[in-house]
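Position chain B relative to chain A; hints supplied.
2 protein chains.
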Amino acid sequence: MRSGVWFSTLGLVASLAWLCCLSLRPVEGGKVLVMPVDGSHWLSMKILVKELTRLGHEVVVLVPETSLLIQGSDSYKTEIYKVPFTKDELDSIFNRLREGVFKQPPGIEDLFVNVRRLINFTSIQVEGCEYLLNNEPVMSRLKSKGFEVMLTDPFLPCGPILAHILSIPAVYFLRGLPCELDLKAAQCPSPRSYVPVFFSGNTDIMTFPQRVKNFMMSFLESYLCKVMYVHFDDLVSRYIERGMTFKDLVSQGAMWLLRYDFTFDWPKPIMPNMAFIGGINCAKKAPLPADLEEFVNGSGDDGFIVFTLGSMVSNMPEEKAKTFFDAFRQIPQRVVWRYTGTLPDDAPKNVRVMKWLPQNDLLAHPKARLFITHGGTHGIYEGICNAVPMLMFPLFGDQGDNVHRMVVRGVAEKLSMHDVSTETLLAALNKIIHDKSYKEKIDELSAVHHDRPVQPLDLAVFWMEFVMRHKGASHLRVAAHDLNWIQYHNLDVFGFLVIILITVVGLTLKCCIFCTRKCCKKGTAKRKSE
Amino acid sequence: MRSGVWFSTLGLVASLAWLCCLSLRPVEGGKVLVMPVDGSHWLSMKILVKELTRLGHEVVVLVPETSLLIQGSDSYKTEIYKVPFTKDELDSIFNRLREGVFKQPPGIEDLFVNVRRLINFTSIQVEGCEYLLNNEPVMSRLKSKGFEVMLTDPFLPCGPILAHILSIPAVYFLRGLPCELDLKAAQCPSPRSYVPVFFSGNTDIMTFPQRVKNFMMSFLESYLCKVMYVHFDDLVSRYIERGMTFKDLVSQGAMWLLRYDFTFDWPKPIMPNMAFIGGINCAKKAPLPADLEEFVNGSGDDGFIVFTLGSMVSNMPEEKAKTFFDAFRQIPQRVVWRYTGTLPDDAPKNVRVMKWLPQNDLLAHPKARLFITHGGTHGIYEGICNAVPMLMFPLFGDQGDNVHRMVVRGVAEKLSMHDVSTETLLAALNKIIHDKSYKEKIDELSAVHHDRPVQPLDLAVFWMEFVMRHKGASHLRVAAHDLNWIQYHNLDVFGFLVIILITVVGLTLKCCIFCTRKCCKKGTAKRKSE
Chain A
156 MRSGVWFSTL GLVASLAWLC CLSLRPVEGG KVLVMPVDGS HWLSMKILVK
206 ELTRLGHEVV VLVPETSLLI QGSDSYKTEI YKVPFTKDEL DSIFNRLREG
256 VFKQPPGIED LFVNVRRLIN FTSIQVEGCE YLLNNEPVMS RLKSKGFEVM
306 LTDPFLPCGP ILAHILSIPA VYFLRGLPCE LDLKAAQCPS PRSYVPVFFS
356 GNTDIMTFPQ RVKNFMMSFL ESYLCKVMYV HFDDLVSRYI ERGMTFKDLV
406 SQGAMWLLRY DFTFDWPKPI MPNMAFIGGI NCAKKAPLPA DLEEFVNGSG
456 DDGFIVFTLG SMVSNMPEEK AKTFFDAFRQ IPQRVVWRYT GTLPDDAPKN
506 VRVMKWLPQN DLLAHPKARL FITHGGTHGI YEGICNAVPM LMFPLFGDQG
556 DNVHRMVVRG VAEKLSMHDV STETLLAALN KIIHDKSYKE KIDELSAVHH
606 DRPVQPLDLA VFWMEFVMRH KGASHLRVAA HDLNWIQYHN LDVFGFLVII
656 LITVVGLTLK CCIFCTRKCC KKGTAKRKSE
Chain B
156 MRSGVWFSTL GLVASLAWLC CLSLRPVEGG KVLVMPVDGS HWLSMKILVK
206 ELTRLGHEVV VLVPETSLLI QGSDSYKTEI YKVPFTKDEL DSIFNRLREG
256 VFKQPPGIED LFVNVRRLIN FTSIQVEGCE YLLNNEPVMS RLKSKGFEVM
306 LTDPFLPCGP ILAHILSIPA VYFLRGLPCE LDLKAAQCPS PRSYVPVFFS
356 GNTDIMTFPQ RVKNFMMSFL ESYLCKVMYV HFDDLVSRYI ERGMTFKDLV
406 SQGAMWLLRY DFTFDWPKPI MPNMAFIGGI NCAKKAPLPA DLEEFVNGSG
456 DDGFIVFTLG SMVSNMPEEK AKTFFDAFRQ IPQRVVWRYT GTLPDDAPKN
506 VRVMKWLPQN DLLAHPKARL FITHGGTHGI YEGICNAVPM LMFPLFGDQG
556 DNVHRMVVRG VAEKLSMHDV STETLLAALN KIIHDKSYKE KIDELSAVHH
606 DRPVQPLDLA VFWMEFVMRH KGASHLRVAA HDLNWIQYHN LDVFGFLVII
656 LITVVGLTLK CCIFCTRKCC KKGTAKRKSE
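Protein chains in written order, with my numbering: chain A, 156 to 685; chain B, 156 to 685.
Looking at chain A on its own, in the form it has when it is part of the complex (with noise of 0.2 angstroms):
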């Protein structure tokens, strides 16, 4: 491009068409419901919550009585309900499964494991679920305060049954759901020839042993679908119709709000009511506190390394901790690790260990060379936003199929957490750190990624209030969701076109025949009448 800078110019004018544009539609509060899944998954719900309260929006979050991590604020209104677990029922779980990821060994049998995980982890949810449908006094409550939207994670069926129930549009925020059912339920097709089957270890181009693996793990993801669901089905069946299923209820929903965008995702087809905000949680930087900037100035040109294994996984076992003291004392950039185990006597200087760390403004700095993460979503895409190079150490849930997509772009080093050793750390971290092509690559994402028409919060907000002024978005509701399998595709059609096409074919075939024989009769009554 040439001479003359005028993105200021540019960038007011569409400021002021913008702000020109919504003045033309003006927008009170509205009564937003929300009801969010527990875990990670809360914390980006919460940038959107806290954003719609600002807004003027009158927010109300549903919180169970024991929870890893949604809590109520200031910024929020919220309606505690109670559930049938104690916090340390919930804690064991969530320790089981975190005491797990550290020794059990990745491969196929992940797949199954990461099924029995998430099976344990959504039945006692499913159960608080329940409490919450049954407890009379909070449901009346909801009832009278006339929502006009829930925001809801479909990753657990209480939203979209609340929705139902309370008789108001659903949007949802989301990654995914397992087995790929928010595809299916958004009737979005995913030609299995170029869209990889999730922990099939495939990318959108595949050789044809990748596309037989792929089409075969398609089958076997239905067969998940329903053994993952099992529950959720007999939920959304005895609250809502019997034999109405899971998918059905889900795809009610007004609109997708994906936590995800196409320098994460292979491009694939997409529907009309999907809208994708992946990176909404890396919008807002900080400056770090004083001692911390301090630390990772000092790491000069070397730069420093941020550590974590996310919001869930805040310690290891001291034998693996002490594999990453050994590696980081051998290296001369600094890390900053949050970490509540216990430190080693002999712990290396220039690794600050912390409780909890600002995890993006951290990224966001200057200095930042490597990002150790686990692979969940909101860290990949801190990563992204900031452009740096990540070394990943994938534990459950998606985060194995989230670095595989790392790492084939370029940008990231994938190691095991079972089987590392400060050997291959360090070999790995002195790749990342040096080869200058993964710095390279995760630049060119991180341009791509920034470079869109609408901020991924904005384009949030404005999706929820579209669906409060419209009441839904049934314009962008394709009518797929009122053909059964056979009708979508047509097969009824075929069938009765074969079945004219036999008829006119034997027809034709039947009189053919019958003027053969006429003709031979005549032929043979002649013959011999001479």
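Please note that the accuracy of each hint is not assured.
When chains are identical, the list treats them as one kind, so a pair holds in a single copy or across two.
[What the hints assert, rightly or not] Restricting the straight-line Cα-Cα distance to at most 30 angstroms, the calculated cross-link-like pairs of lysine-lysine (DSS-like) are:
id : residue 1 : residue 2
1  : K665      : K368
2  : K569      : K440
3  : K339      : K368
4  : K626      : K368
5  : K381      : K339
6  : K586      : K522
7  : K594      : K626
8  : K504      : K186
9  : K368      : K232
10 : K186      : K596
Read the hints as simulated data drawn from the structure, not as lab findings. Remember, it's a predicted structure, so these values are computed and weren't measured experimentally.
Just chain B, lined up with the frame of chain A:
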């Protein structure tokens, strides 16, 4: 929604976010080559061309020496090239087309008539394109300029061919291509069970017979595709690569700017590299000239009617015009009519005919009650933007299908130009003006249409600049482009698995038979020995 107007705050915040986001990615004046399609297609593309120029880009529009509507302007540079036809020849082709529309009856044959007309029109344009491609001086100048992006309408093949020759990414600006070649080239799934085929008269909700019709018409469409694009395929094959089809070439486009949205089209699957800019032509409004303002204001409570048949048809046979004058005489509304034909001596005083009229500004007037239009997408979107119900007379091209979409939504009525009478016209006018449902429905449609996160012109500019900044939009391009039909549908995988299955079943059966025989033999031998 409740009290508390805070839209201005939101607007300001959003504006600042936008401004901040843009300032992160400085944009400098880029070099844009534009290959437009003559006729009404050019009218909306011109809006984007002017905006790009205004924003500091160096825009060069390729203008054929002889054209219907494309002309030079102070707002952009032009490169004029010779074509092998005169203005008279071009006009005569178009006149034949114009004459036909007032005589021929509509119906199923419409489809074939449309195809023939289309081929007549495009053949001469293909010849013009060849002249350009063989024009050494012009081609050298284009090659030397270092353009960064090609803005073109792939309705004709010259733009995509030039983009390929000049090795620059192409951004397509279009309403759609005949026989849905746009969707096919973009690898966009189009399930025939709820995506109606053009001219099928179906909507997205179909009965079984309608699905049969849709299914069969999609076969017919495939055949038409071959007939319609034979000249284009030949041109591409000769100038780019032997055996390459027009569809192959078009599929290389970086971005699709589609001049519709889901207030006009029915919701369906889309692709990540599609942006919807329907209504781009009705963003800017100007006050009416004083005399016209006086005329329409004088219409009192009855309001006025805007009557145009598009940029290409400003006249009609006198007998036909009489029908309209006679009907207009009997209504209290005033009429502003774009008409260049002879006025009858007794022309009613409530009708003002004009050679050209500011259509969008008139429709934006609060007294506008009805829009009589041929159903081009430009006019339709001006009707939607300004929430004016429509009486539609489809003439040719996609208009029949466009009109159907509006009639089904209850915001318009349709009459056919060849058999309209004063009585039917009067009845339709009175129905639309006095039955409040038309106005209520178009008000709703208009509200939804306007309610979008980025206005169409800003969105089009954004993607043009994005493609320049990133030399394409490869992260949005699906891998399906590299698959053939068999691979895309995984038919080879399916075949392979069937062979495996047959082999396994066959071998198992053989084993069983072998074992059974062995057992039987043993049994017989035992019995014999006994």
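Going down the list of hints, with the structure as the test:
1. K665 <-> K368: Result: close only across copies, 28 angstroms inter versus 47 angstroms intra.
2. K569 <-> K440: Cα proximity of K569 and K440: one copy only (27 angstroms, versus 56 angstroms across).
3. K339 <-> K368: both (20 angstroms within a copy, 27 angstroms between copies)
4. K626 <-> K368: Neither, since 43 angstroms and 34 angstroms both go past 30 angstroms.
5. K381 <-> K339: within (13 angstroms within a copy, 34 angstroms between copies)
6. K586 <-> K522: within (17 angstroms within a copy, 71 angstroms between copies)
7. K594 <-> K626: So K594 and K626 pass the 30 angstroms test across copies only (20 angstroms; inside, 45 angstroms).
8. K504 <-> K186: So K504 and K186 fail the 30 angstroms test inside a copy (51 angstroms) and across (54 angstroms) alike.
9. K368 <-> K232: Neither. Shortest intra-copy (48 angstroms) and inter-copy (54 angstroms) distances fail the 30 angstroms Cα cut-off.
10. K186 <-> K596: Result: close only across copies, 26 angstroms inter versus 43 angstroms intra.
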